[in-house]
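Engineer: Please build the complete structure, drawing on both the sequences and the hints.
Protein chains: 2
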Amino acid sequence: MEKIKNPRKILVPAEREKLIPKSGGKEKAYGFHGRAPDESPQRNHIKESGLLMPKQKCYPPVPLTDIRISDPFWSRYLDLVKEVMLPYQWDALNDRIPGAEPSCAVQNFQIAAGLAQGEFQGEVFQDSDVAKWLEAAAYLLAAGPDPELEAVADGMIEIIEKAQRPDGYLDTYFIIKEPKKRWSNLYECHEMYVAGHIIEAAAAYYQATGKRRLLDVACRLADHIESVFGTEPEKIQGYPGHQEIELALVKLYQATQNEKYLALSKFFIDQRGKKPNYFQKEWEGSRDRRTFKTGAPVPPPDLKYNQSHEPVLQQEAAVGHAVRAVYMYSAMADLAREAGDQELLKSCRRLWDNIASKQLYITGGIGATHNGEAFTFAYDLPNDTAYAETCASIGLIFFAHRMLQMDMDSRYGDVMERALYNVVLGSASRDGKRFFYVNPLEVWPKACGGNPDKQHVKPVRQKWFGCACCPPNVARLMASLNQYLYSTDEDTIYTHLYISGEAGIKIAGGEMRLKQESSYPWDGHIKFTVLSALPEDELSLGLRLPGWCRNWSVLFNGKPVPRPVVQKGYLKVAAHWHEGDTVELRLEMPVECLQANPQVRADAGKIAFQRGPLVYCLEECDNGANLSALSVDPGSAFSVFKDSQLLEGAVVIEGKGIRESEDGWGNRLYRPYKAAEKETKIRLIPYFLWANRAPGEMAVWIRRR
Amino acid sequence: MEKIKNPRKILVPAEREKLIPKSGGKEKAYGFHGRAPDESPQRNHIKESGLLMPKQKCYPPVPLTDIRISDPFWSRYLDLVKEVMLPYQWDALNDRIPGAEPSCAVQNFQIAAGLAQGEFQGEVFQDSDVAKWLEAAAYLLAAGPDPELEAVADGMIEIIEKAQRPDGYLDTYFIIKEPKKRWSNLYECHEMYVAGHIIEAAAAYYQATGKRRLLDVACRLADHIESVFGTEPEKIQGYPGHQEIELALVKLYQATQNEKYLALSKFFIDQRGKKPNYFQKEWEGSRDRRTFKTGAPVPPPDLKYNQSHEPVLQQEAAVGHAVRAVYMYSAMADLAREAGDQELLKSCRRLWDNIASKQLYITGGIGATHNGEAFTFAYDLPNDTAYAETCASIGLIFFAHRMLQMDMDSRYGDVMERALYNVVLGSASRDGKRFFYVNPLEVWPKACGGNPDKQHVKPVRQKWFGCACCPPNVARLMASLNQYLYSTDEDTIYTHLYISGEAGIKIAGGEMRLKQESSYPWDGHIKFTVLSALPEDELSLGLRLPGWCRNWSVLFNGKPVPRPVVQKGYLKVAAHWHEGDTVELRLEMPVECLQANPQVRADAGKIAFQRGPLVYCLEECDNGANLSALSVDPGSAFSVFKDSQLLEGAVVIEGKGIRESEDGWGNRLYRPYKAAEKETKIRLIPYFLWANRAPGEMAVWIRRR
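Order-wise, the sequence lines are chains A and B.
Position 130, counted from 1, in the first sequence is what the UniProt record's numbering calls 130; the numbers after and before it change by one each time, with no gaps.
Position 704, counted from 1, in the second sequence is what the UniProt record's numbering calls 704; the numbers after and before it change by one each time, with no gaps.
FYI, nobody ran anything at the bench for these hints, they're computed from the structure.
Possibly wrong hints are sitting among the right ones.
[Claimed, not checked] Result set (SDA-like, lysine to any residue): computed pairs, CA atoms no more than 25 Å apart in a straight line:
(1) B:Lys275 <-> B:Ser227
(2) B:Lys656 <-> A:Pro634
(3) A:Lys656 <-> B:Arg705
(4) A:Lys304 <-> B:Pro445
(5) B:Lys304 <-> A:Glu161
(6) A:Lys656 <-> B:Asp633
(7) B:Lys358 <-> A:Ala675
(8) B:Lys674 <-> A:Leu545
(9) A:Lys358 <-> B:Asn551
(10) B:Lys674 <-> A:Glu310
(11) B:Lys446 <-> A:Glu310
(12) A:Lys358 <-> B:Pro695
(13) B:Lys463 <-> B:Arg434
(14) B:Lys678 <-> A:Pro598
(15) B:Lys304 <-> A:Gln455
(16) B:Lys181 <-> B:Gly114
(17) B:Lys358 <-> A:Ser661
(18) A:Lys674 <-> B:Asn551
(19) B:Lys656 <-> A:Pro598
(20) A:Lys674 <-> B:Lys358
(21) B:Lys446 <-> A:Gln599
(22) A:Lys446 <-> B:Arg705
Structural biologist: Written out as structure tokens, the structure reads:
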């Protein structure tokens with residue numbers, strides 16, 4: 001790769017990679033882990049196409065291998081990923097969880113590899129669950145050795161390698177069930193979605209272990225896809241029905257430096273939505289075909305559903321299937337960054353703004369309807385029929401993380417934090433074995449069973465899903481959480497998330513080792529200590545001032561910083577750093593009553609409680625049944641305390657509420673209004689902890705008095 | 001028919017029929033119309049089974065032919081039925097409405113009759129639209145001669161007769177498309193639903209014109225069905241997938257006095273829900289079958305959907321498809337009355353109570369979800385996703401009308417009035433050419449197009465529907481409205497609806513001719529004048545005191561009635577009546593702010609406005625966009641005035657509201673709460689008039705301040 005001459009020392013991925021510590025370095029002391037690759041990946045010579053010429057400033061993230069999390073709040077979750085989620089999900093993928101829907105995902109690979117007999121079972125994209133699990137395992141292996149886990153992963157990789165066809169094709173559904181129908185139903189059949197997850201897993205596993213076996217599988221698979229799809233007349237000018245491979249190919253490019261993978265990703269993005277529409281043509285060419293799932297005649301494709309209704313550069317608003325959308329926007333941001341494409345970046349910003357200012361639940365959930373698991377339109381954010389899929393919020397974090405690599409603006413970190421601390425954390429049970437796929441903001445358990453419009457909403461987390469995209473997605477996000485904490489430019493280390501631990505950050509030709517400590521999210525006091533500082537130049541620490549924070553202060557070595565500079569939501573503390581220097585950030589964290597934009601009909605006259613990054617909710621087990629009968633005066637006093645008995649020390653909010661009396665109604669459904677209310681105590685718990693005690697009603701938005 | 005010896009002179013249907021005035025009587029003076037039948041219908045001898053032995057008191061309705069409506073409010077609608085709806089719907093059935101979905105209903109009959117070539121088109125129950133139209137035409141012909149309409153109807157009847165198979169079978173879908181598959185898919189295919197509507201039309205047409213042709217078709221059809229279905233081992237022990245024929249067979253029995261039709265109806269009701277379930281067996285016996293509509297494999301039957309999940313006597317709550325449910329409950333009430341079945345009556349009361357006290361929208365709509373057009377569960381009454389199908393409210397009126405024939409209790413009349421004046425009236429446009437199928441209580445037009453969960457909700461009435469059950473159902477209800485006004489027992493004439501006109505009411509061996517006058521629903525002053533009174537015994541006028549009315553007074557010949565007696569919501573004025581006697585009822589009709597039972601989550605913290613029987617609503621064209629930003633203090637003053645400019649003199653309500661300010665939000669979706677409200681004027685119009693001006697938002701329930 002041609003070295004980019006840039007006087008401001010932007011660290012582009014190729015440079016970054018050289019700086020990633022390999023085995024044997026002093027990073028060992030931090031428990032970092034990483035091994036030299038078996039051999040160097042092949043690198044193609046970059047064409048003079050300009051494809052890879054960055055045209056805007058870039059803020060690369062500090063790689064996950066350079067950061068160790070050791071946090072009173074998060075370590076518990078990360079341990080859970082390692083000790084419970086991954087083993088449990090491995091059992092699930094192997095159909096060993098009593099009472100859960102069988103996955104058959106591993107078995108499908110075994111059959112395709114000729115190691116077992118049987119029929120393909122599960123969703124057409126079942127393979128991806130295995131891939132996501134492997135990706136999560138790779139992140140754990142990057143954080144520290146685990147020979148047992150690595151042996152299991154290697155075993156699985158061997159099966160996957162055996163399942164791959166000699167030409168590189170790999171998708172167990174088509175290998176087992178319809179070998180003649182490869183690539184014939186891109187709209188429904190997820191072949192490239194599965195390939196994308198295998199590629200992501202391969203890149204992560206290679207970076208963590210240096211082992212090439214899965215990377216070689218991924219390269220052969222990507223090479224095969226590149227031989228089938230493209231602008232050339234003999235190739236298919238199609239693109240995936242479910243976007244995912246686009247961002248995966250960027251990772252494959254980063255792992256191999258082979259530019260053709262970046263070009264293939266760009267082809268898929270550029271081709272999408274061009275007229276005549278590929279999916280429309282595919283459908284017209286197969287009128288006699290029955291739909292994969294139900295056997296009914298295939299209906300005409302819903303082009304908005306998979307964001308192929310128009311070219312991406314023309315898309316003004318986030319529409320359609322939310323996961324597809326944010327995976328695609330993430331790839332667009334990757335390509336904008338890697339190819340320096342300003343038009344693509346403009347589209348990314350426009351689509352981001354649309355989501356963040358018009359289609360985002362206060363919990364960081366996206367996707368207002370279960371119909372197509374989709375975005376709807378501006379300000380349409382119903383609480384009790386929300387979809388807000390876990391995977392969609394994870395994809396939103398991907399998107400935010402990529403936008404932060406181009407625009408250093410706290411709004412991206414704010415959304416990342418909101419989605420992470422509310423939807424993503426809340427999707428898993430405290431024991432790591434049960435998950436929400438849908439993350440509603442209001443639940444009436446009777447309605448989940450009794451009204452089919454709400455049957456997608458579950459009042460309790462489920463063991464495993466037939467369509468199990470979310471649990472392994474949570475695992476891979478949490479296992480790679482460290483990569484979301486910091487990024488750098490030539491003279492600033494930016495902190496996006498307040499999670500305790502240590503980092504060795506390469507910057508300005510040297511390295512700064514930094515310790516972060518806090519009791520976040522329960523407390524807003526965060527302390528950074530310089531453990532060692534090699535660079536001699538003045539550097540800044542850039543600390544995200546969260547959007548929820550109205551008052552803050554900052555100390556440098558215990559003294560107020562005289563003229564703190566805030567740029568796009570980042571507080572910058574500049575200094576020539578020495579070992580032992582400290583920066584203390586104090587974010588005031590009072591209870592806030594939030595209201596929604598009046599255009600959000602569903603939240604009219606209501607308030608929601610937030611403290612720090614955490615959205616709060618009422619639960620029936622604290623407040624009695626019929627939460628809709630409660631209202632709250634936002635001007636009244638609320639007390640906050642850490643309840644050591646409850647949910648391992650969560651901070652709860654208590655205050656005064658008003659409850660509509662249910663007395664004297666008899667058999668009546670309607671009556672002339674008469675005031676009949678009584679004062680009551682209300683208690684709110686963090687949203688992410690809901691449904692961990694008795695099943696019951698839950699509400700985030702509460703009637704305002 | 002054996003004459004029932006009853007000292008209290010209950011008028012059973014057989015007796016009633018004898019009293020119905022035929023041609024040439026003095027009823028001519030009232031414009032009543034009716035001709036002697038071509039010949040007497042065959043009457044079977046009643047078996048000694050006890051099937052027809054009434055065991056409880058019965059309150060027969062005064063037949064529609066004995067009442068003429070001449071009402072400042074309603075005559076406009078009845079003229080619309082005659083002059084616009086019926087001709088327009090005839091055009092629709094003949095595919096002559098530009099821009100409307102083609103019906104093909106008449107064409108299907110022509111093809112089945114061998115009078116045209118072509119394929120069956122439309123829904124599997126398309127025939128029923130023609131039958132409902134004929135039934136409505138029959139009611140118009142009963143009210144007065146219309147040779148042109150009668151000629152059109154006779155022509156249609158001739159085609160229907162030709163379409164009928166020699167064995168009596170009649171259903172154009174199966175005749176044209178799948179002649180070998182008769183009765184093989186009772187769950188989906190509506191053959192008996194269609195038969196039921198043909199039978200209803202036949203009974204009405206015979207009673208109106210005395211012409212037997214369609215009645216004979218209906219008898220042959222019913223006889224054929226009776227030869228196919230029954231408890232005998234060689235017969236099918238099945239029952240309809242869509243209930244309707246059950247109540248139709250009772251009408252056929254009433255028209256022919258042939259008891260076997262009553263017995264067949266009772267068989268269908270008794271058989272329903274018995275174990276093993278018929279539909280379950282039907283499904284198990286046809287695993288290879290594809291579903292009628294989509295071609296997908298037939299899923300297992302949803303037994304609650306069509307109320308076959310358990311025997312009707314065990315059903316505790318209204319569940320499933322709302323129209324199916326209320327049609328069935330109507331038939332159950334018919335059978336309870338005709339067969340004196342106390343257990344069936346108890347079930348009817350239980351199901352009625354469940355609907356009226358737990359599942360009824362304030363507008364008289366039923367069916368909380370579009371998923372299966374169905375009831376959900378107690379207190380689940382969402383406003384913006386409501387289904388509240390027009391046909392379901394019509395069926396609820398049928399059910400109420402039948403319950404009134406056994407329980408003289410104003411609660412039935414109250415619901416009948418609520419459904420009639422709000423949902424049914426509101427379903428048709430002011431010009432009678434457009435209809436709502438779904439009657440929501442809250443509409444955000446953007447959401448109807450932008451959120452698939454609300455795509456069933458339409459912000460404007462539609463021209464015609466592919467599934468066009470509602471428009472002809474509205475027509476037949478309105479054309480037969482007079483039959484819902486009065487009923488009698490041996491010594492009381494009960495008035496259920498306050499609609500001006502004249503009636504000749506047979507009672508106590510004589511006749512009382514009565515004039516009713518009012519400006520209802522705009523005004524609560526109703527005057528009854530005795531035009532002539534033949535009976536010499538003391539008789540009572542029983543006047544329904546509507547549930548919405550809190551203060552009333554009554555005058556007899558201008559003087560207060562000393563000790564007015566109220567029995568189950570009916571005010572009884574007893575007298576020896578003479579020509580010129582008057583009774584004046586004054587129902588106070590202030591603006592009422594109603595609240596819903598606090599268990600109704602969707603209406604928590606909200607109020608609805610009602611005045612008299614009319615529910616009111618906000619519309620965007622009066623109150624600006626974003627109605628959810630408005631709130632109202634129920635204690636503030638509201639003015640009422642007749643707006644002669646607006647919608648032909650409707651009474652509108654005006655008052656003070658508070659509007660949440662939308663200023664200063666910029667691009668924000670959430671912010672810390674701050675009070676930002678301004679006072680504004682609000683204007684409410686009767687719900688039934690919504691969507692007659694500019695399309696826009698509408699809301700019945702308004703946030704309470």
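Engineer: Sort out which numbered hints this structure fails and list those numbers smallest first.
Structural biologist: 5, 9, 10, 22
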